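Novice: Below, each chain spelled out in residue letters.
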Amino acid sequence: MILPTLIFILVAGGVLSWVVERWHPGSAKWVALATAGIELVLTIWLWLQSASAMALPAHGGWLAEIRAEWIPRFGVSFHLAMDGISLILVVLTAFLGVVSVACSWTEIQERAGFFYFNLLWTLAGAVGVFLALDLFLFFFFWELMLVPMYFMIAIWGHEKRQYASIKFFIFTEGSGLFMLVAILALVFIHYGSTGVLTFDYFELLNTAMSPSTELWIMLGFFIAFAVKTPIVPFHTWLPDAHTEAPTAGSVILAGVLLKTGAYGLLRFVVPLFPQAAGYFAPVAMALGAIGILYGAFLAFAQTDFKRLVAYTSVSHLGFAVVGIFAWNPWSLGGAVMQMIAHGISTGALFVIAGILQERTHTRDMRRFGGVWGVMPRLAAMGLFFAIAALGLPGMGNFVGEFLVLMGLSRVNSVLASVAAVAFVTSVVYGLALVQKIFHGENTHGWQLHDLSGREMATLYSMAAITLWLGLYPQPVLDTAALAIDGPRNIATGQYHSGAE
Amino acid sequence: MILTHSDLLVLLPLIIVAASAVSGMLVAGFYRRSQPVMVLTLLGLIISLAALPLAASFGPRQVTPLLILDNYALFYMGLIFAATFVVTVLCYRYFGGRESHHEALYILLLLAALGGAVLVASSHFASLLLGLELLSVSLFALIAYPRSAERPLEAGIKYLILAGFSSAFLLFGMALIYAQLGTMQFARIGALPAVFTQGLDAYGLAGLALILVGAGFKLALVPFHMWTPDVYEGAPAPISAFIATVSKGAMLAMLLRYFVTADAHQSQSVVMALSLVAIVTILAGNLLALRQDNIKRILAYSSIAQLGYLLVGFLAFGAMAVEAVAYYLAAYFITMLGAFGVVTVLSRGMPEQDSDMLTDYAGLFWRRPWLAGVLTAMLLSLAGIPLTMGFIGKFYVLAAAIGESLWLLVIVLVVGSAMGLYYYLRIIAVMCAYGPEAASGPGTPAVPASLAESVTLALLALLLIGLGVSPGQFIHVLETTVAHLT
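Chains as they are written, first to last, in this note's numbering: chain V, 84 to 583; chain A, 2 to 487.
The set of hints was computed from the structure by calculation and includes no laboratory data. One or more of the hints may lead you astray.
[To be verified] So, partial list: chain V residues that the calculated Cβ filter (under 8 angstroms) puts toward chain A: (1) Phe157; (2) Phe161; (3) Phe271; (4) Leu376; (5) Phe380; (6) Asn495; (7) Val497.
[As the list claims (entries may be wrong)] Pair ranges (Cβ atoms, derived): (8) Pro449(A) with Glu242(V): 53 to 59 angstroms; (9) Ser406(A) with Ala151(V): 49 to 55 angstroms; (10) Ser455(A) with Val102(V): 18 to 24 angstroms.
Since we're looking at a predicted model, the values are computed, not measured. The beta-carbon is built from N, C-alpha and C at its ideal position, and this holds for glycine as well.
Use the sequences and the hints to build the structure in full.
Specialist: Okay, here's the thing in structure tokens:
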């Protein structure tokens, strides 16, 4: 029962904060904070529990599962299950939920009830995506999280919010429809060969189909996940959406929503279509490597703080894509690590951008300079996370990128060396960011008050996690490894015969 | 032909509606107030809805060669009567409430509903035409009901001329088919040995094409859609809802019955033509909606596109297709009634122009959150977003089409839906606007919604979400009743 509870808490909390705001203006954020906090406590408790549960050999990698009939006509069931990867991503979602409530504390004054409703419902949709093991249910949550996110951008966003929100919605929903068609095609092929109409993940694994059919159906899934992850050239919605969203929206987008795309590649694309993914892996890895470099180059050219961070996401998620399609224990562990570390460090950079924007009402880096003098604490945190993003050893991102490169070099050493260039380019944009904003003369005469206690608590906890991930990543890798073993057993044999 | 006792019982829903129309006229003759006639109308609709299960227990039954009352027909009658009920409620305040004298309106609505009901139960060209004319003639009067205003009159005349033309096409087509096959009964046409497989001769094919043209006008399929935006814009908002739902739904249900029982889908050329029409309809409907600034026009183009999606489900034929069309139509009825219902509630009422410009909706979320919430739910359902019936409906149609491997249509549907998001979101974005963007909002003070209107809209929204979240029960009903076309 714990799995539906995880979703229900967020749904109920969202409704409650909307209702409560009507009676007592100003109370919605407390409700939202409590909801996200309870969610975080629950998920961490689950993680601690799982550590002992996983010691048991016979659990098959699945920590919890629930299944109920939903639409029997189509063989659709309400099937949720949690393994290590979903667990880690749900913990990340809950943590970033708390962070995003904290960073909206003073930023969101207008219509706060509806804001927190949307925030919590987006999180509920994301948790549903990470837990759903029925393809219909997965798609249901996949689409469901878009609507509240759309509202967050469209109502509380910045100058070009209408354009950005509609673009975001059309890209993700449009590509999602291709996935729906692919899901249905898969289900009907399965129905044709077995006579069972079902959307269940486990039953659809190992569906027999001709190679060309498999490739087409896989592409339907791939395009939806490629837009969300994002993989170049499907990334163009991302800089706009990240830049125009309110701080919490950017944090959730970068930290959680992008992960749903990578998660989909990991959970569905390769295990369901091992052979097609095998043929396609070189293309996907090449796209990932292009994304790594392209994102880094474009990030360097930006003058808008949030846009810069948005492009670094393209670059960082490129590592996750490459890691997933290289499909060996190192690269997969690295991809999961990269997803988590990117969620924290990029989230923190967006929080910093939000703090600066709240005080100065600009994100234009040409108008900053000399912020170190007036906001030393913020500047220190800015430096810390810029360095984390550029992959300094000792921080989480380094572990992820390193493992991915290690795994990739076993599959394709040329691509590995191309991707390794990113260690240079990311230094360039990371340091340029620090240089332009924090160093130099304070020519605009900014008089800003430094971080408040709430902001410090947020950023320090994120910094602590980044360090923990960098110095002692084993718990995360262990949890993920157990889960990765499952799909690997299913997929490896066929996958590698296709890839090599 | 002698009608037996149980024949009459099966016909009860139709008889009740006809009887309430007649008694409405009598009441209006003695007591010229709109309230009693409206109450009588609602009562008649409720009783005939209640009579549907009774009729179902005696069916399926062929009553005279003209009408067949099977579960399929009864389901669509239920939809039509329920939609008419909602439209009646929406009309009351809009047309002036207690003070006004618009009894004729309700009688016309009842007659139009009767026409729609005959249409879905028809199994013969004669009853088809009868139902269609009953529906169309009532609609001419309904559209131009505010006869002192310019736009409704223009819309009424436009509809009159085009509906007249389409009936002529239909009639000519029927005559040609009769000339070749010698029967006007759907089932007999289907039973003729391999009429469609061997191919009709030029007359028969021309007849079928003419019937499709006539139906295409009614369904506003591209390229027969030109009248739709003008008529929807000009007609009073609740009447637009009626045209969008009852008139189109009845025609589509009839057409599907005709195609399935007459085995017309065996004919390659017919299927080709319909596929082409579906593709053009989806693309044109969505493209033309993109740049509209009038919400009624947007809904008009959206309804064109929705009919295109329905046609994709239609073209899958088979049991799944019949279910998919039934579910999608139910979803479409609820969303269109809800969307036009919000437009009605926001409008001041009959002599004045409807509040249908996009600017009238600026910042609606913050002025009237409930209304804006209902409209948002309806628009998201039209866009096919989860939690709403529209999502399940689109899923159903896609499932039916993919089950039959109609890949081209599926891709067009997906592309069309992606385009459609833009104009639905545009309305939602306008409603969310605040600050200077919302300042261009209406200068006239808002009219409060009547209790009946609020309850109706709330029920529609609840139904939309309830059946979108747990459609299992409803789908089961569809599976056991509607899918068995006899």
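Novice: Run every hint past the structure and note whether it holds.
Specialist: Against the structure, the hints come out as follows:
| no. | hint | in the structure |
| --- | --- | --- |
| 1 | Phe157 | holds, 7 angstroms |
| 2 | Phe161 | violated, 10 angstroms |
| 3 | Phe271 | holds, 6 angstroms |
| 4 | Leu376 | violated, 30 angstroms |
| 5 | Phe380 | violated, 30 angstroms |
| 6 | Asn495 | violated, 33 angstroms |
| 7 | Val497 | violated, 36 angstroms |
| 8 | Pro449(A) with Glu242(V): 53 to 59 angstroms | violated, 36 angstroms |
| 9 | Ser406(A) with Ala151(V): 49 to 55 angstroms | violated, 32 angstroms |
| 10 | Ser455(A) with Val102(V): 18 to 24 angstroms | holds, 19 angstroms |
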